[in-house]
Amino acid sequence: MNSTVPTKNALLWLMLGLSLAALPHFSYQPMWVFVIFASMLGWRCMAIWHAWHLPSKQHRRMQWLHHSIAVLATVLLLTSYGNLIGRDAGVALLTVMLGLKVVEIRSSRDYYLSCFLGYFLVVTNFFYSQSIPNATLMFIVVTILTTCLISLNDAKQALNSRSQFKLASQMLLQAIPLMLLLFVLFPRISGPLWGLPTDAHSATTGIDNNMTLGKISQLIQSNEIAFRVKFNGQQPAQSELYWRGPVLWHSDGVTWTELDNETKSATLPNILNLGTTYNYTATLEAHNARWLFALDFPNALPLGIKAHFTQDGQLLSDDPLRQRQQYELSAHTQYRFNEDNNSYLADALQLPNNQHPRTQQLAQKWLQQTQLPLELVQLALTHFNQQDFYYTLSPPQLSGDTIDTFLFESRRGFCEHYAASFTILMRAAGVPTRIVTGYQGGEINPVDDFLVIRQRDAHAWTEVWVKGQGWIRIDPTAAVAKHRIDQGMNTIMPLNMRSPLMLSNSRQLAELWQTLRNNWDALDNSWNQWILAYGPELQKEFLSKLGMPSPNWQQMVIWLSVSLSIILLLISSLIFYQRKRLAPVIFLYQKFCNKFAVNRKASEGPIDFADRVKQLYPNNSAEIDRINKLYINLHYGNKSVSIDDLKQAIKTFKPPRI
Amino acid sequence: MMPHTLSQLYHRFNQLRGRRIFIVPTRFGFAYAGFLILILLGAINYSSSLGHVLCFLLGSLGLVAMLHTYRNLAKIELHHAFSEHVFCGEKIHFTVLFDNQSHHDSYQLNVASKQVLTPTFNPFRLFKGYRHHYLIPMLKAQLTTTVSITLASERRGRQPLGRIRIASQFPLGLYTTWSYFNTSAYALVYPKPLGGLPLPSANDNGQQSNHHKQTGVDDFSGFDIYRSGDPIHAIAWKAMARDDVMRTKQFTSYQGGNVMLSWQDVAQLRDTEARLSQLCRWILHAEAAGMNYGLSLATTAINYGQGEQHRHRCLSALALYE
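Respectively, the protein sequence lines represent chains U and Z.
Position one of the first sequence corresponds to residue 69 (the numbering used here), numbered consecutively onward.
Position one of the second sequence corresponds to residue 36 (the numbering used here), numbered consecutively onward.
Treat the hints loosely; a few may be bogus.
In the DSS-like style, the derived pairs of lysine-lysine whose C-alpha atoms are separated by at most 30 Å in a straight line are [unchecked claim]: (1) K659(U) to K175(Z); (2) K234(U) to K149(Z); (3) K283(U) to K298(U); (4) K76(U) to K224(U); (5) K715(U) to K175(Z); (6) K175(Z) to K224(U); (7) K613(U) to K659(U).
Every beta carbon over 12 Å from chain U, so not counted as near; a handful from chain Z, in silico [to be verified]: (8) L71; (9) S82; (10) L92; (11) F117; (12) T130; (13) D140; (14) L186; (15) P206; (16) S236; (17) N293.
Pair by pair, the computed Cβ-Cβ distance ranges are [what the hints assert, rightly or not]: (18) R198(Z) to K659(U): 41 to 51 Å; (19) I58(Z) to S629(U): 37 to 47 Å; (20) I58(Z) to S107(U): 34 to 44 Å; (21) A309(Z) to F644(U): 40 to 50 Å; (22) F655(U) to D140(Z): 17 to 27 Å; (23) D134(Z) to E172(U): 38 to 48 Å.
Rather than coming from a laboratory, the hints here were simulated on the basis of the structure.
Built from N, CA and C at the ideal position, the CB exists for glycine as well.
Only chain U is shown next, with the shape it has when bound in the complex (with noise of 0.2 Å):
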């Protein structure tokens, strides 16, 4: 019964979802990746519609080459990826089978065999981006497998091709109900399972643990989102948006570095709060870090999330960050950071061995001017302000002694280059100092109200301990472009970094880009934060609300089973409803003879019912037999009417009352 051969209209759907199943893996895998699978439907095709041969035991030579494409392509694969079983490779591998395996389909079991692969294909696009858009593309992607399927029971195509997808549509808008119940009650695991193969989090872009001149700036470039912020009431003014990061000590004359691990963790840190609480919600993207992003300074660790303060004001999650991640956090915006003492201000004070010599010459120079750490500070900011110090997203290449080069010849820079060389300064006239590393300022969202931080908000400052006041936030940035501290980053990109609309120099189109922009953030954002962020915890806390006591398995099962019950009840009496389908003629006819006073017998037929009618409004005689006419015409095979005249007559036919 199962053995038919596909039929060439479900060999077409088949191949059409499987190139749009991989679609989206194609941009980051090997290009022979697509080469072979893409010649494999090619071959396909051309057997379908050319006659080609296809290996079997009759097409020996045809046989060979399909066995050494398929050794080429593992030969391939090891040597892209060293194994088999990671995510990458694992994917590669399943496309390139998938396109090995269309090419040999002559049964259905080979058929369902492949499509139940793609259907597999589907969910490892998953792995790799939940954003909205692949989720409609695989929406598609799921309603043409199933189209495959129903194109292969239907191997007479009773059906054309056109309600066979049709079809797979409806039935998969009749599952919609009872997926929305399974997604909402089916007892959440959380993973992993088993351990995570090492490249299932790919690199992304964002704030690093160490930092060399450049890096930061290079980061402008993204518009990826790094955070969200929703403030419960009160919200800080833009200049006081520091997020902070990593904190960042060492210098070997290049690159700067956080302290071991041991040090960091030693002790924590001493604060003071002071002024005002700010109470907000921020979710954060994947970074594959710990660090989660807060506003200087939290007064309490995160509801949400395990994590702990490290002793130079880090907030560290317990676990690297492998997924979006909510958390709820105060802070107070002025504080005191260890006030007292400090014991690793050795470590605030090192410097490269033999390195920015002239650096530390002008150091010296202000030493000689006075010996208060604040005045040294002025005395530093005021350097970068007067001299002829610019803001730049592209700085100049450096090469040499860096810190050198930039304070004396160069002289442009962005936030990294004023951090940097402020800390080296200061460290040679014995201020204690460090560099911190995080996001400065934000987006507000006008659709949602909520602040959006990119990745080009990314930003370096410095803190230095004066004895009695503990660590003070000085941004040497500021006292070159005030405006960036105070505006945030989108007033000083350059107008064709903003918007590809920019450029057109239209205030309208500008702002319908923005506006634009705006509506989709918020939407990818509720997309995050109801879709993709429910897991266990989200879960326990939505049905809480929904009136779960304490949600445990149990109950999930419980609840599941019934409502399951009760939703698949509904839609098999949808299913099986019976539309009662007159055939319209019939329809017509029966709308005409309920406007007489009398019924038709069951027994009567058109002739006999008019002839009985007639005699009751002889008035009408004349039109009654015409639509009787028109009528027996139409129902019994006389093409040569039309149904809109009798449509039109038994319109306008108005019998009097009697």
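Here the structure of chain U is known, so what remains is to put chain Z in place on it, guided by the hints.
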């Protein structure tokens, strides 16, 4: 008392339920479920919310597909089945009329007949016992269609159509649903016309006066008013179109004579089947020659006659001879 009431209830329920419809997953249905589990494991492992969505969507699709498969078959009824009568050794063509009583079109209905009683224990080969498959690609709502089921005639006598199974896997092939119809339709299988004995000589005397006019298939002799039972091919359609009165064309046979075919004539043959075959052959000869013939068996006697109906009476008597 209690068990009695329960069994009564059960029977009433069974009557209400009517014909039984079975549905089970196919091996591809089980494979589909396996793939769903794989997808779920992948989704859990990568904590992919959309992976969960996909798994649940496909799972729900599986449930919906079950309803669709069931609906595809639920309202299909076997309207009736019949067959022409054949001689032993010829193929029997049963015409089976199926009726879609629902308001939805049905597709890919697989009709099978002739149960071969070899029990099978392979759950994926439920239909192994059935031979002779016929496919109805589409049966529109509220319409009927016919399927021609061909069986070999093995023995003379009544050959029942037997149990008919109708099955479908439409639309996704994940489930197979089936149902049985027990029909009482049968084909009458006449004995095979065989044997080389000459036709017993016609006896012309005595009974000539008993019939005034022998009607046969030879020469046209005029019209007569139609009486029910007259052969359809004899109806004068053209004449009817003129004045709406049904007439039959009358033919008169002038040749032949009267012959009584009796058991004694074939007594020399070796067994019953051979005798019946010889009688069958004689009847065909006599009919073709336009003779008046009768049949006299141990159990039955058929008087002289001629024509399609008479021939059938005689052949049936042979077919059902015990």
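Each hint tested on the structure:
As the CA atoms of K659(U) and K175(Z) are separated by approximately 26 Å, the hinted pair is consistent with the 30 Å bound. Restraint check for K234(U) and K149(Z): not satisfied, since their Cα atoms lie roughly 37 Å apart, outside the 30 Å limit. At most 30 Å may separate the alpha-carbon atoms for a hinted pair to count; K283(U) and K298(U) meet this at roughly 29 Å. Restraint check for K76(U) and K224(U): satisfied, since their Cα atoms lie roughly 11 Å apart, inside the 30 Å limit.
Restraint check for K715(U) and K175(Z): the C-alpha separation of about 26 Å stays at or below 30 Å, so the hint holds. Taking the CA atoms of K175(Z) and K224(U), the gap is near 15 Å; set against the 30 Å cutoff, the hint holds. Only pairs whose Cα atoms come within 30 Å are accepted, and K613(U) paired with K659(U) is rejected, the gap being roughly 53 Å. Under the 12 Å C-beta cut-off, the non-interface status given to L71(Z) relative to chain U is violated; the minimum distance is some 8 Å.
With a least beta-carbon separation of about 4 Å from chain U, S82(Z) fails to lie farther than 12 Å from that chain, contradicting its non-interface assignment. Listed as a non-interface residue, L92(Z) fails to keep its Cβ farther than 12 Å from every Cβ of chain U; the least gap is roughly 5 Å. No beta-carbon of chain U is positioned within 12 Å of the beta-carbon of F117(Z); the least distance is around 26 Å. Interface exclusion of T130(Z) from chain U stands, the closest Cβ pair being 21 Å apart, more than 12 Å.
A Cβ of chain U approaches the Cβ of D140(Z) within 12 Å, the least distance being about 8 Å, so the stated non-interface status is violated. Interface exclusion of L186(Z) from chain U stands, the closest Cβ pair being 20 Å apart, more than 12 Å. Taking the minimum C-beta to C-beta distance to chain U, about 5 Å, the non-interface status of P206(Z) is violated against the 12 Å cut. Annotated as non-interface, S236(Z) keeps its C-beta farther than 12 Å from every C-beta of chain U; the closest such distance is 58 Å.
With a least beta-carbon separation of about 51 Å from chain U, N293(Z) lies farther than 12 Å from that chain, consistent with its non-interface assignment. Between R198(Z) and K659(U) the beta carbons are some 46 Å apart, a value that agrees with the proposed interval 41 to 51 Å. Between I58(Z) and S629(U), the C-beta spacing of about 20 Å breaks the proposed range 37 to 47 Å. Taking the beta carbon of each, I58(Z) and S107(U) are about 42 Å apart, inside 34 to 44 Å as hinted.
Checked against the hint of 40 to 50 Å, the C-beta distance between A309(Z) and F644(U) comes to roughly 59 Å, which is inconsistent with it. The hinted range of 17 to 27 Å is satisfied by F655(U) and D140(Z), whose Cβ atoms lie roughly 20 Å apart. For the pair D134(Z) and E172(U), the beta carbons lie near 42 Å from each other, so the given range of 38 to 48 Å is met.
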